[in-house]
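Use these hints to put chain F onto chain A, whose structure you have.
Here the protein sequences come in this chain order: A and F. Start counting the first sequence at 24; every next residue gets the next number (the working numbering). Start counting the second sequence at 152; every next residue gets the next number (the working numbering).
Note that these hints are calculated values from the structure, not bench results. Where is the CB? At the ideal position from N, CA and C, for every residue including glycine. There could be a bad hint or two in this list.
What the hints assert, rightly or not - Partial list, derived from the structure: chain A residues whose beta carbon lies under 7 angstroms from chain F:
hint, residue
1, 66
2, 78
3, 79
4, 87
5, 119
6, 122
7, 127
8, 128
9, 129
10, 130
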Amino acid sequence: DTAVSQTPKYLVTQMGNDKSIKCEQNLGHDTMYWYKQDSKKFLKIMFSYNNKELIINETVPNRFSPKSPDKAHLNLHINSLELGDSAVYFCASSMWDREDTQYFGPGTRLTVL
Amino acid sequence: GQQLNQSPQSMFIQEGEDVSMNCTSSSIFNTWLWYKQDPGEGPVLLIALYKAGELTSNGRLTAQFGITRKDSFLNISASIPSDVGIYFCANSGNTPLVFGKGTRLSVIA
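So that you can see chain A by itself, here it is in the shape it has in the complex (with noise of 0.2 angstroms):
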């Protein structure tokens, strides 16, 4: 009965690959959100969606693409992975009206070499 689920949990990969995440909410929530936390674990918002529309953009490079194919899903696309791309990276969700009763996944720890 996991609220919000992402895979992978670990991502190992080489400078230059493109990777996706996956992300999955089981709460009926209608926005959900990517956070990145970087090595001092500073945690800042990339992207917010609600009802599949793209609501939040936080100066994030283009190389970055979330899709949302429905309500329950959010996805992180990454092309032409950089170094400094390596945090952990975590989904979240709630109701358009009550952002501030987010949920979050477990995380998904990016290391680019």
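For chain F alone, coordinates are given in the frame of chain A:
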């Protein structure tokens, strides 16, 4: 953009001790949130505060929304080993959720 200043950055305490951490902002907010992140997991909401002066408890945790609406504190009483983790304050409103840089808590048994 807005910034939340969280202190202390880290704490080492003995099991059974009480803990206090706080968060300040240069802007006024309508909501203060406290999240905890266990090692290897995502953040989990502990307490949400919606009114200036509000004092809310969740078990051994107590948080208050400052009167000026620019600060909040979180207290943990009688700490136990599972309190270990990173505690984040956060604001929400008409902007994306903004997180403080976290207070890393270590509990020595």
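We went through each hint and held it up to the structure:
A distance limit of 7 angstroms between C-beta atoms decides the matter here; for residue 66(A) the minimum to chain F is near 4 angstroms, and the interface restraint holds. For residue 78(A), the shortest C-beta to C-beta distance to chain F is roughly 9 angstroms, which exceeds 7 angstroms, and the interface hint is violated. A hinted interface residue such as residue 79(A) counts as satisfied when its beta carbon comes closer than 7 angstroms to some beta carbon of chain F; here the least separation is about 5 angstroms, so the hint holds. Evaluation of the residue 87(A) hint against chain F yields a violated restraint, the C-beta minimum of about 16 angstroms exceeding 7 angstroms.
Given the 7 angstroms rule on beta carbons, the hint for residue 119(A) is violated: about 12 angstroms separates it from the nearest Cβ of chain F. Interface restraint check for residue 122(A): the shortest CB-CB distance to chain F comes to about 5 angstroms, inside 7 angstroms, so the restraint holds. Because the smallest distance between the Cβ of residue 127(A) and any Cβ of chain F comes to about 3 angstroms, under 7 angstroms, the interface hint for this residue holds. With a least beta-carbon distance of about 5 angstroms to chain F, the hint placing residue 128(A) at the interface is held under the 7 angstroms criterion.
Look at residue 129(A): its Cβ gets to within about 5 angstroms of chain F, closer than 7 angstroms, so that hint holds up. Taken as an interface hint, residue 130(A) checks out: its beta carbon lies about 5 angstroms from the nearest beta carbon of chain F, inside 7 angstroms.
In this structure, the earlier hints numbered 2, 4 and 5 are contradicted, and the remaining ones agree with it.
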